[in-house]
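The residues making up each chain are set out below.
2 protein chains.
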Amino acid sequence: MKYLLVAAAAASLVLPAYADEPAPIPSPGEIAAAAPAGDWIAIAPSDMLVMDLVPDVKGKPRRVVIQLMPSPFSQGWIGNIRKLAAAHWWDGTSVNRVQDNYVAQWGDATEKKALPEGLAVVPESAYVVTDSDSYETVVNGNVVTRLSKSAADRLLARREKSSRTSIFDAGFNPGTDAYAPAVAFESGWPIGLDDRKVLEPRWPLHCYGAVGVGRNMSPDTGSGAELYTVIGHAPRHLDRNIAVVGRVISGIEHLSSLPRGTGALGFYESEGERVQISSIRLASDLPVADQPKFEYLSTESDSFARYADARANRRDPFFIKPAGGADICNIPVPIRPVAAK
Amino acid sequence: MKYLLVAAAAASLVLPAYADEPAPIPSPGEIAAAAPAGDWIAIAPSDMLVMDLVPDVKGKPRRVVIQLMPSPFSQGWIGNIRKLAAAHWWDGTSVNRVQDNYVAQWGDATEKKALPEGLAVVPESAYVVTDSDSYETVVNGNVVTRLSKSAADRLLARREKSSRTSIFDAGFNPGTDAYAPAVAFESGWPIGLDDRKVLEPRWPLHCYGAVGVGRNMSPDTGSGAELYTVIGHAPRHLDRNIAVVGRVISGIEHLSSLPRGTGALGFYESEGERVQISSIRLASDLPVADQPKFEYLSTESDSFARYADARANRRDPFFIKPAGGADICNIPVPIRPVAAK
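The listed protein sequences correspond, in order, to chains X and W. First residue of the first sequence? That's 9 in the working numbering, and the numbers climb one at a time after it. First residue of the second sequence? That's 9 in the working numbering, and the numbers climb one at a time after it.
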């Protein structure tokens, strides 16, 4: 890491390649950056939640953007969250808890603010998905992906023509997830599975930046009014115990760098420590000019397969010993702002 | 998590047990807290590094305590670190980099400060340990511990008398580490192993709070003057690529809650953003009254076995679905301040 202090020195490592010298091996980030435009998928404004905290002490704005999970995951809670945002329910509430290496949590500190009418009560069974549909399974080694029929056909056609290593072939030790019998990427999200062949049930994972729904004791599952995000090592023991509804895709530093609460479990002990939330809105409810624009690298793309393989087998110049595997939470799906045109 | 807002409500869950009702199942933290005094091992002042940052804007002191790794791990770099501390080399240097979900890094931002004489140049081969000694191996299921001969004899004698579940028997799915063929605890530290039977080579892991040695391009391995600590999801791909020399055992929030650097890789872009280090000393070089006192839960104790099993199989009242396994970085070894007598 030390060498990274001097950008000029790092740049000088990319020497002109001699004829008999292999080309420099790209890092995972370079692979993602070089992916063709068609491998990137725009995130719909209706699937993003925009949380504006009050400006910091220097007057700088603090915007956190959350991508909501796609169907079929956690849609009951996400429906509630859309209603809470539409009702401006979070405006004037606050970040109330920041526990080191765990979570930052926000909502109504008084726990007395009336909720809007019509919120669903979601059962614990919704922590996992057991739908049955027309999707097809691609299994190879330890990694499973779940694709639409046409995407699976395209993928399989390509693979017959090529021996290219992809996420479906390599980059992971067999059976290496400590919390789920199998793991996969689905529609851009890391998921766990009980059975790599059947693919049901399956569920979202508590990786860094995941947004979940605070709750009381079981069988309550929370309304979605009390939310948290992971700011430390993935607390995967929460999988299937709390609903995951999204992930922070921009501005997590406005939560992860807040002072840690000194109360039990990192709760702030006084009103003055809490960080006020100016507003939370669906991006689609903001004026167009104020809507954030993000895109993610399709987890069904060749680029993602190469990226994930490179995360598991670092071959860029700094590394001397590739791991031969990676924790799925250490393969964050590349997400980037869409450049203004 | 929501229920934890109200401490009184949580306390009320511990109801008087009726005769036919099972006793409440303790959480991992409660198991550790209830461990007998003999299961706790004091950390020697000569094995702790005390880093005092300048006070924060409110004048509050910011002390970070780092436990250095025991022999046989990383002793070449640790020898250098002891010399650097003795020379007061870090005094007046600074925290120069804070990258979200990755590391906080400190040292000489100018990279021009002369190092003390006599620092060792440590070879890459020292990233792993291949000693051969009188230790004995206890293997059971997927978990390996490495004990002195007498401790192994005591453990095996106990196990023959009991069917108690322990870390050696349960709590982990087989073969579940994505980065190492096997993982274990040795002398209070999580380690990786190439072969669970042979136990050599083995190496320290980049879990949350791990302290490592910044370096330039291989085969340079760094002197130990440039250090970082992990403030996000465990970057285990760094294992065997960078030396781990210790872990933050107190005050990591003074690093993890710093503003993220806005330069490449989280480096601060201006002098004013850097956080000055007042001093770094071995605790044993401080006046006795100023020496921090900490102890860790012996990873060879029954209490630790129960604690680790509970981390992998949460049965305390909040949980509805125990994972049946845990990432070794999600089983932090319990460490606590020693109460003044």
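Please note that the accuracy of each hint is not assured.
With a straight-line cut-off of 27 Å between C-alpha atoms, the simulated DSSO-like cross-links for lysine-lysine are [stated by the list, open to error]:
id, chain 1, residue 1, chain 2, residue 2
1, W, Lys66, W, Lys91
2, W, Lys66, W, Lys329
3, X, Lys66, X, Lys301
4, W, Lys66, X, Lys68
5, X, Lys91, X, Lys121
6, X, Lys66, W, Lys301
7, W, Lys91, W, Lys301
8, X, Lys301, X, Lys91
9, W, Lys121, X, Lys66
10, W, Lys68, X, Lys68
11, W, Lys120, W, Lys91
12, X, Lys301, X, Lys68
If you are wondering where the hints come from, they were derived from the structure by calculation, not from laboratory data.
These are the hints, each one checked on the structure:
| no. | hint | result |
| --- | --- | --- |
| 1 | Lys66(W) x Lys91(W) | violated (33 Å) |
| 2 | Lys66(W) x Lys329(W) | violated (43 Å) |
| 3 | Lys66(X) x Lys301(X) | holds (26 Å) |
| 4 | Lys66(W) x Lys68(X) | holds (20 Å) |
| 5 | Lys91(X) x Lys121(X) | holds (15 Å) |
| 6 | Lys66(X) x Lys301(W) | violated (38 Å) |
| 7 | Lys91(W) x Lys301(W) | holds (22 Å) |
| 8 | Lys301(X) x Lys91(X) | holds (22 Å) |
| 9 | Lys121(W) x Lys66(X) | violated (33 Å) |
| 10 | Lys68(W) x Lys68(X) | holds (24 Å) |
| 11 | Lys120(W) x Lys91(W) | holds (18 Å) |
| 12 | Lys301(X) x Lys68(X) | holds (20 Å) |
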